[in-house]
Amino acid sequence: MSYNGMTAETVTFRGHNGDQGEAYYARPTRPGKCGGVVVIHHLPGWDEWITEVVRKFAHHGYAAISPHLYFRDGPGSPDDIGARVRASGGVPDDQVVGDVKAAIAYLRAQPNSNGKVGVIGFCSGGRHAYLCGCRLPEIDAVIDCWGGNVIVDDRGQLNAKRPVAPIDLSEQLRAPLLGIFGNDDENPNADQVNRTEAVLKKLGKDYEFHRYDKAGHAFFNTARQAFRPEQAADGWSKVFAFLRKTLAA
Amino acid sequence: MCSYIVEKAKVSGSAKGPSGWMRIDTANVYFDHPYHAPLDHALAIDFVCEADGGRERVAVELSAASARELVSKIMVALAIGEQAHAAPAAPAA
Chain A
112 MSYNGMTAET
122 VTFRGHNGDQ
132 GEAYYARPTR
142 PGKCGGVVVI
152 HHLPGWDEWI
162 TEVVRKFAHH
172 GYAAISPHLY
182 FRDGPGSPDD
192 IGARVRASGG
202 VPDDQVVGDV
212 KAAIAYLRAQ
222 PNSNGKVGVI
232 GFCSGGRHAY
242 LCGCRLPEID
252 AVIDCWGGNV
262 IVDDRGQLNA
272 KRPVAPIDLS
282 EQLRAPLLGI
292 FGNDDENPNA
302 DQVNRTEAVL
312 KKLGKDYEFH
322 RYDKAGHAFF
332 NTARQAFRPE
342 QAADGWSKVF
352 AFLRKTLAA
Chain B
825 MCSYIVEKAK
835 VSGSAKGPSG
845 WMRIDTANVY
855 FDHPYHAPLD
865 HALAIDFVCE
875 ADGGRERVAV
885 ELSAASAREL
895 VSKIMVALAI
905 GEQAHAAPAA
915 PAA
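Which chain is which? The protein sequence lines are A and B, in order. Residue numbering for the first sequence follows my numbering, beginning at 112 and increasing consecutively. Residue numbering for the second sequence follows my numbering, beginning at 825 and increasing consecutively.
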């Protein structure tokens, strides 16, 4: 394999309501057009692992961007800002959808764009990816990695910031959906994953789910004890096969 | 899992962070994915002063077992310390 050069840097973008924020953006340096991927971070914040994921996509030939979804609560280090956001109950769904929409537009505006953009999210970001797939028709591919609370069994968890369970918006999902889950996960648990699949199947959606034994939550994450190298390697192969299919020009 | 659950303890005292000492009035306590500790879940405590805007914090991320050990030792230290400080002064020789 030849060496895959890339450029990775922090850029500014116009997010929800035109607010100016920062995002981590990586793209291959080789000439030509490529598909784009928006990478949605998990609840603790915009961390080192998520920037590694962005670079992984660039390594595989995609332009990838991870918007810092908490930039409005800065300045400060991403971990301190994440703690602030958690203490205030998280960010509103509408704001996240607006920021992801803006990140998609950012990718499409780049000269390297082939016009196709997918969205991937991990943990709470998986829920956001599912939500964005239902609310943003301009998305070409959705990847939900163990997104918790797509199904909300305790309706008391719904609030002003997160007023709707994403599963209830499934009819609006337009793009193909890839779901990656660990069978030992507690949120989403195996029953919730099965019920999500049942809804997608009933609605006739284009989806594929992959479930992994001996894997729990966040098993791609090399910085966690939950990391499962064999399952993660297979999961990543499913991700890239899905993107080759959905983001080809 | 990523949860939004945060237990808020009202506290009174001071904490020392990168910019020096600050007064604190709140401890935000949660058990979720850590930012730094190489654990799947950690008991995190952020000491902040909400009265001053809550923008600075002194943070720890602990394993569940060590968090329980800390709780236990806090209770032991309080019990021993309060007993010692409450003891009557020794009679003068």
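Note that these hints are calculated values from the structure, not bench results. Treat the hints with caution; some may be incorrect.
[What the hints assert, rightly or not] As a list, the in silico DMTMM-like pairs of lysine to aspartate or glutamate whose alpha-carbon atoms are at most 20 Å apart:
#1 832/B - 163/A
#2 325/A - 864/B
#3 356/A - 249/A
#4 272/A - 831/B
Results of checking the hints against the structure:
no. : hint          : in the structure
1   : 832/B - 163/A : violated, 33 Å
2   : 325/A - 864/B : holds, 15 Å
3   : 356/A - 249/A : holds, 17 Å
4   : 272/A - 831/B : holds, 19 Å
Of the hints listed earlier, the one the structure fails to meet is number 1.
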